[in-house]
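Put together the whole structure using the sequences plus the hints.
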Amino acid sequence: MSGRRKVAFAVVHIHVLIALVLGGAAVPAFAEPARAPWSPTNIFAPVSTPAEWIFDLSRFVLTVTAAIFAVVFSLLVYAVVKFRQRRGSNGREPAQVYGSTQVELAWTVIPILIVLVLFLAAARVIASIQNAARPSNAIEVTVIGHQFWWEYRYPSLKVVTANELHIPVSDPAHPTPTFLTLLSADTDHSFWVPRLAGKTDLIPNHPNSTWMDPRETGLYLGQCAQYCGTQHAKMLLRVYVQMPDEFDRWIQEQSRPAQISDTISEGQKIFERTACINCHAVRGTAANGRFGPDLTHLMSRDTIASGAALNTPDNLRRWVKDPSVIKPGSKMPAMGLSDPDLNAVTTYLESLR
Amino acid sequence: MSTESIAWSTPQVAAQRPVVERLHDWVTTVDHKRLGILYILYALVFLVIGGVEATVLRIQLIRPHNDFVSPQVFNRMFTMHGTTMIFFAVMPILFGFANYLIPLMIGARDMAFPRLNAFSFWLTAFGGLLLYFSFVGGDGLYGAGNAPDVGWFAYAPLTSKTFSVGHSTDFWTLSLLVSGFGSIGTAINIITTVLCMRCPGMTLGRMPLLAWLNLTMAGLVVLAISPLTAAQLMLLVDRYLGGHFFDTQAGGSAVMWMHFFWVFGHPEVYVLVIPAFAFASEIIPVFSRKAIFGYPVMVAATICIAFIGMSVWAHHMFTVGMSAAGNTFFVLSTMAIAVPTGIKIFNWLATIWGGQIDFKTPMLFCVAFLFQFLIAGLTGIMLGAAPFNWQLGNSYFVIAHFHYVIVGAILFTLFGAFYYWFPKMSGRMYNEALGKLHFWLFVIGFHLTFDFMHIPGILGMPRRIYTYEPGRGWDTWNLIITIGVFFQAAGLLVFIGNLLWSYRRGKVAGSDPWDAWTLEWSTTSPPPTYNFATIPAIKSRRPLWDLKHPEDPDWQYE
Amino acid sequence: MYSLIVAEAAIFTIFVVAYIFYIGKSATGPQPQDVLSAPIFFTICLLSSSLTIHVALRFLKNGKVNSFALWWLLTIVLGALFLAGTAREWRRLIYQEGLTIQTNLFGTTYYSLVGLHAFHVTVGLLALATVALFTLLRHVRQEHAERVEVLSMYWHFVDAVWVVVFVVVYIVGR
Ligand code: HEA
Ligand code: HEA
Ligand code: CUA
Ligand SMILES: [Cu+2]
Numbered sequence: 028m029s030g031r032r033k034v035a036f037a038v039v040h041i042h043v044l045i046a047l048v049l050g051g052a053a054v055p056a057f058a059e060p061a062r063a064p065w066s067p068t069n070i071f072a073p074v075s076t077p078a079e080w081i082f083d084l085s086r087f088v089l090t091v092t093a094a095i096f097a098v099v100f101s102l103l104v105y106a107v108v109k110f111r112q113r114r115g116s117n118g119r120e121p122a123q124v125y126g127s128t129q130v131e132l133a134w135t136v137i138p139i140l141i142v143l144v145l146f147l148a149a150a151r152v153i154a155s156i157q158n159a160a161r162p163s164n165a166i167e168v169t170v171i172g173h174q175f176w177w178e179y180r181y182p183s184l185k186v187v188t189a190n191e192l193h194i195p196v197s198d199p200a201h202p203t204p205t206f207l208t209l210l211s212a213d214t215d216h217s218f219w220v221p222r223l224a225g226k227t228d229l230i231p232n233h234p235n236s237t238w239m240d241p242r243e244t245g246l247y248l249g250q251c252a253q254y255c256g257t258q259h260a261k262m263l264l265r266v267y268v269q270m271p272d273e274f275d276r277w278i279q280e281q282s283r284p285a286q287i288s289d290t291i292s293e294g295q296k297i298f299e300r301t302a303c304i305n306c307h308a309v310r311g312t313a314a315n316g317r318f319g320p321d322l323t324h325l326m327s328r329d330t331i332a333s334g335a336a337l338n339t340p341d342n343l344r345r346w347v348k349d350p351s352v353i354k355p356g357s358k359m360p361a362m363g364l365s366d367p368d369l370n371a372v373t374t375y376l377e378s379l380r
Numbered sequence: 032m033s034t035e036s037i038a039w040s041t042p043q044v045a046a047q048r049p050v051v052e053r054l055h056d057w058v059t060t061v062d063h064k065r066l067g068i069l070y071i072l073y074a075l076v077f078l079v080i081g082g083v084e085a086t087v088l089r090i091q092l093i094r095p096h097n098d099f100v101s102p103q104v105f106n107r108m109f110t111m112h113g114t115t116m117i118f119f120a121v122m123p124i125l126f127g128f129a130n131y132l133i134p135l136m137i138g139a140r141d142m143a144f145p146r147l148n149a150f151s152f153w154l155t156a157f158g159g160l161l162l163y164f165s166f167v168g169g170d171g172l173y174g175a176g177n178a179p180d181v182g183w184f185a186y187a188p189l190t191s192k193t194f195s196v197g198h199s200t201d202f203w204t205l206s207l208l209v210s211g212f213g214s215i216g217t218a219i220n221i222i223t224t225v226l227c228m229r230c231p232g233m234t235l236g237r238m239p240l241l242a243w244l245n246l247t248m249a250g251l252v253v254l255a256i257s258p259l260t261a262a263q264l265m266l267l268v269d270r271y272l273g274g275h276f277f278d279t280q281a282g283g284s285a286v287m288w289m290h291f292f293w294v295f296g297h298p299e300v301y302v303l304v305i306p307a308f309a310f311a312s313e314i315i316p317v318f319s320r321k322a323i324f325g326y327p328v329m330v331a332a333t334i335c336i337a338f339i340g341m342s343v344w345a346h347h348m349f350t351v352g353m354s355a356a357g358n359t360f361f362v363l364s365t366m367a368i369a370v371p372t373g374i375k376i377f378n379w380l381a382t383i384w385g386g387q388i389d390f391k392t393p394m395l396f397c398v399a400f401l402f403q404f405l406i407a408g409l410t411g412i413m414l415g416a417a418p419f420n421w422q423l424g425n426s427y428f429v430i431a432h433f434h435y436v437i438v439g440a441i442l443f444t445l446f447g448a449f450y451y452w453f454p455k456m457s458g459r460m461y462n463e464a465l466g467k468l469h470f471w472l473f474v475i476g477f478h479l480t481f482d483f484m485h486i487p488g489i490l491g492m493p494r495r496i497y498t499y500e501p502g503r504g505w506d507t508w509n510l511i512i513t514i515g516v517f518f519q520a521a522g523l524l525v526f527i528g529n530l531l532w533s534y535r536r537g538k539v540a541g542s543d544p545w546d547a548w549t550l551e552w553s554t555t556s557p558p559p560t561y562n563f564a565t566i567p568a569i570k571s572r573r574p575l576w577d578l579k580h581p582e583d584p585d586w587q588y589e
Numbered sequence: 019m020y021s022l023i024v025a026e027a028a029i030f031t032i033f034v035v036a037y038i039f040y041i042g043k044s045a046t047g048p049q050p051q052d053v054l055s056a057p058i059f060f061t062i063c064l065l066s067s068s069l070t071i072h073v074a075l076r077f078l079k080n081g082k083v084n085s086f087a088l089w090w091l092l093t094i095v096l097g098a099l100f101l102a103g104t105a106r107e108w109r110r111l112i113y114q115e116g117l118t119i120q121t122n123l124f125g126t127t128y129y130s131l132v133g134l135h136a137f138h139v140t141v142g143l144l145a146l147a148t149v150a151l152f153t154l155l156r157h158v159r160q161e162h163a164e165r166v167e168v169l170s171m172y173w174h175f176v177d178a179v180w181v182v183v184f185v186v187v188y189i190v191g192r
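Residue numbers (the numbering used here), protein chains in the order written: chain A, 28 to 380; chain B, 32 to 589; chain C, 19 to 192.
None of these hints come from the bench; they were simulated from the model. Take these hints with a grain of salt, some might be off.
Below, computed lysine-lysine pairings styled on DSS-like, alpha-carbon distance capped at 30 Å [as the list claims (entries may be wrong)]: (1) A:109 - B:579; (2) A:185 - A:296; (3) B:192 - A:358; (4) B:538 - B:579; (5) A:109 - B:467; (6) C:43 - B:192.
This is how it looks when you write it as structure tokens:
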């Protein structure tokens with residue numbers, strides 16, 4: 028092979044490689060959405076209607092763009108290989124062509140048609156997702172984004188909780204979708220659990236909404252998808268999809284105030300003496316702050332600090348001692364408690380079941 | 032190669048003068064070529080700075096729970112990286128080339144307003160310094176350094192006094208305001224130059240495409256930078272005078288900032304890409320040895336892109352809760368851009384078709400550009416399908432999309448332009464072997480980094496996170512992505528080395544090393560201060576073709 | 019100059035859009051209908067200054083420098099009157115009505131928009147005054163008409179913007 032030819036071939040090869048890689052990435056993702064998701068946050072493994080409709084549309088868009096890619100790519104490859112300058116060309120210039128109305132018309136009209144098709148497909152999905160009817164048995168949740176945690180309120184069920192959202196599974200025969208109202212207490216955030224629905228932003232002074240109707244139980248992950256400050260990275264989302272009876276039980280537990288023993292524990296005293304109660308609520312006690320997460324049933328959660336750490340006694344203690352060790356830049360200050368006080372507060376927190 | 036000296040120029044005698052004096056000449060210059068080179072060198076420095084910032088980002092993300100830098104530093108790094116690259120690296124480089132080339136290509140002796148030109152450059156330069164001064168003065172002069180950390184689109188209310196204490200955001204605002212005035216100045220200059228300074232015979236229909244595309248670009252700058260300026264003024268009113276434009280506590284709207292920013296931001300990306308198209312439109316014909324295919328359609332398509340580009344901004348806002356009708360409209364306008372852009376791709380393809388492609392370094396970069404821009408545009412279409420965007424938006428897929436355009440298309444054609452016009456600017460040839468090495472290192476690095484970046488996006492990885500959890504299936508991809516950066520850095524070092532070496536040691540280029548067809552090749556390399564001893568008069572789009580092929584001149588066909 | 023005017027127009031457009039968007043969105047008073055009254059007299063001043071500058075230019079083109087100087091000065095006086103009117107209105111708003119740029123959204127958008135315009139009037143006046151100075155020093159002659167015309171274009175633009183601002187702030191906004 029001549030040097031020139033090698034170059035041409037290498038240019039082509041590397042691009043074939045890209046095509047394979049990009050295509051290859053898409054194939055396994057298509058293969059079996061629900062079972063083998065590749066990642067707990069794979070957008071091509073939907074288990075809820077909005078995510079599924081989006082998935083269908085994306086398959087269509089991907090197919091069309093892949094076809095365009097294949098055609099134009101092949102033409103380019105052909106041109107680059109075929110019309111490379113050959114050794115021993117006689118130095119004469121090739122025939123000069125200045126344009127051609129017919130071909131130019133063709134490659135204007137065909138893309139217009141493709142664009143129209145893509146547009147109509149997208150428009151249909153937009154309408155069906157955004158204008159979906161809200162059935163009367165839908166679960167209503169208000170999601171409030173805070174720097175850097177999530178507040179969840181179930182207005183009709185009298186539940187306030189944080190960071191871990193529980194919703195019932197939705198049987199396609201008797202759907203019980205969940206409708207979320209999205210608000211923000213400070214900056215912009217975005218609610219994104221890829222396997223359940225596309226993302227929607229939470230913007231102060233600009234209420235938004237979204238919905239989902241998962242058909243499989245399980246834990247679905249996601250995270251804040253709009254930059255909101257220092258700890259945007261650790262504003263993780265956890266959605267627990269439960270069987271209806273399980274969900275009802277959870278609601279029951281959450282709607283109770285905190286269980287308080289007759290003697291107020293040392294830890295509770297410290298908790299109420301320190302600034303903790305300015306920011307945190309423990310229903311049934313003096314604590315009714317709203318700046319930080321509601322702690323009434325803290326122990327019912329698997330994680331603390333919006334998924335940044337597992338909810339273990341050790342982590343709790345570390346967190347209260349100095350939140351910035353786990354989440355530098357978090358809005359909760361280190362309270363400078365002495366070791367005995369710290370132990371007492373941790374014990375108290377552990378009693379909040 | 033035709034190196035015969037051409038009648039329109041006389042060689043210039045270069046005399047060695049003291050360094051201080053020469054430096055003084057550069058600082059006070061109003062010559063469009065010198066200003067062009069100043070723009071380019073200045074921007075190259077920022078390209079390296081921005082690249083080093085990108086390297087920091089990538090090292091931090093090489094594995095989950097890495098702690099190479101703190102979250103605060105990471106956030107500053109991506110803000111500075113984005114702002115630097117867009118406003119102080121790529122835009123000034125493009126302005127630099129425009130400044131250098133336009134008068135030469137339209138047969139003029141200088142830009143229309145040489146002094147405005149110098150003023151604009153220094154405004155831009157000052158803007159860049161102001162931005163980087165934040166590292167020193169962000170917390171107030173007595174505080175420690177603290178660069179802005181609000182992201183390059185600085186969504187409200189994160190920029191309000193409440194959430195952004197200190198002065199870092201002020202530095203961001205002011206630097207963009209100042210450099211924005213510089214950009215508007217340059218744009219006005221380009222428009223006037225192209226419209227009023229063409230040499231005899233050069234009708235609008237005979238201008239080189241580069242002049243046409245830069246004219247369009249300058250029009251977009253005027254229309255796009257002004258809203259940004261207005262929005263920055265409002266932000267300053269909020270931050271300094273206690274106004275409430277974007278104060279959500281007092282009823283202000285965060286969404287309004289988004290609209291204002293993207294009314295600027297989307298046209299801005301076409302401001303960046305249209306000059307890249309311009310380079311491709313000059314380089315591809317010369318190295319295919321054919322006239323550009325469909326010249327009038329190329330011009331029309333560009334203007335069409337600019338117009339449609341003004342009405343698509345809200346495709347950056349599909350997730351902010353617009354009405355279904357709003358979303359639908361912006362899907363249509365966004366996708367409509369594919370049509371004129373497709374026309375351009377097909378015209379380049381048709382230019383190559385039937386030619387004799389000479390794979391010199393500039394052409395290599397342009398061929399890679401064609402492939403890469405195709406992919407980048409198609410991922411743009413995916414993002415433009417609003418529901419798909421609800422999944423892909425603000426994920427690494429977006430990052431992949433736009434680096435595919437910005438690096439894969441714009442930076443690649445820019446490198447092509449560097450190699451193509453380096454002989455003209457310096458009078459010397461670059462080193463072809465080093466050029467090829469640069470190309471291959473950069474191609475490999477580019478594809479390692481940005482091909483694989485699509486995948487974590489699809490797997491749900493949001494952008495602007497300083498770290499991520501293990502077990503999400505993102506780890507391997509991020510490792511590969513980071514490895515690619517080092518290939519890119521190596522390529523860039525080779526590039527800079529090549530420029531430096533060739534400037535001193537390169538073969539003397541002669542006035543027309545590429546056997547090209549536009550006017551800049553008719554004068555000496557480097558051109559004399561006055562560009563052309565006698566102003567040329569032309570009869571077709573390719574005046575030098577006519578000279579070289581008197582038996583078959585272009586003007587018989589146009 | 020045309021490009022510059024396009025750029026300026028785009029800037030004003032954004033401010034006008036913001037003003038319109040925030041009409042009636044203020045969380046607290048005072049509201050525009052409580053405190054604003056249309057400055058008809060000063061508007062007439064500004065608009066007629068467009069006429070006088072036009073006349074002045076015509077004289078310059080015909081080489082009648084003295085008449086030019088007269089009409090030119092008249093333009094300056096009218097422009098200055100307008101500025102004084104704005105100043106008076108602001109004084110009243112700030113000290114009597116207690117409306118500042120910090121009070122509410124109306125205050126923020128009102129002062130920004132009207133202020134931006136007043137700033138342009140001021141710049142225009144300074145430029146006009148410079149020409150006036152040169153005229154009195156006998157440096158301006160017929161052949162400078164073209165350059166002076168650029169300035170008058172700017173002045174017309176500033177006037178046209180006022181028409182928009184006036185409609186938005188004093189008619190639609192109330
Ligand atoms: C610099 C140049 C540049 C260019 C040229 C483009 C070109 C395009 N971009 Fe891109 N884009 C960016 C830079 C650029 N973009 C940046 C910087 C961002 C992110 C900003 C940020 O958030 O930080 C972004 C983000 C971005 C988004 C928002 C993503 C999000 O944040 O949610 C969208 C959504 O629609 C989008 C779409 C498009 C489209 C449709 C095009 C089209 O112009 C592409 C048209 C080209 C083709 C389609 C290929 C060729 C055509 C054919 C071969 C014809 C046949 C094809 C068809 C019929 C489909 N871009
Ligand atoms: C013109 C625009 C431009 C260019 C050229 C680039 C170039 C690169 N970008 Fe950039 N990028 C943006 C514009 C650009 N980017 C924007 C606008 C954003 C959004 C910011 C935001 O979210 O606010 C962004 C965001 C962004 C992110 C996402 C950050 C996040 O969301 O968390 C990443 C991550 O990988 C990244 C990587 C890179 C890399 C690896 C390159 C490489 O191509 C760079 C290659 C260059 C080099 C590697 C430098 C060479 C160095 C030397 C020669 C010296 C040798 C020294 C060393 C290697 C230490 N960019
Ligand atoms: Cu909340 Cu990002
Ligand atoms: Cu865009």
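Now the hints, each set against the structure:
| no. | hint | verdict |
| --- | --- | --- |
| 1 | A:109 - B:579 | holds, 27 Å |
| 2 | A:185 - A:296 | holds, 27 Å |
| 3 | B:192 - A:358 | holds, 16 Å |
| 4 | B:538 - B:579 | holds, 24 Å |
| 5 | A:109 - B:467 | holds, 21 Å |
| 6 | C:43 - B:192 | holds, 21 Å |
The structure meets every hint from the earlier list without exception.
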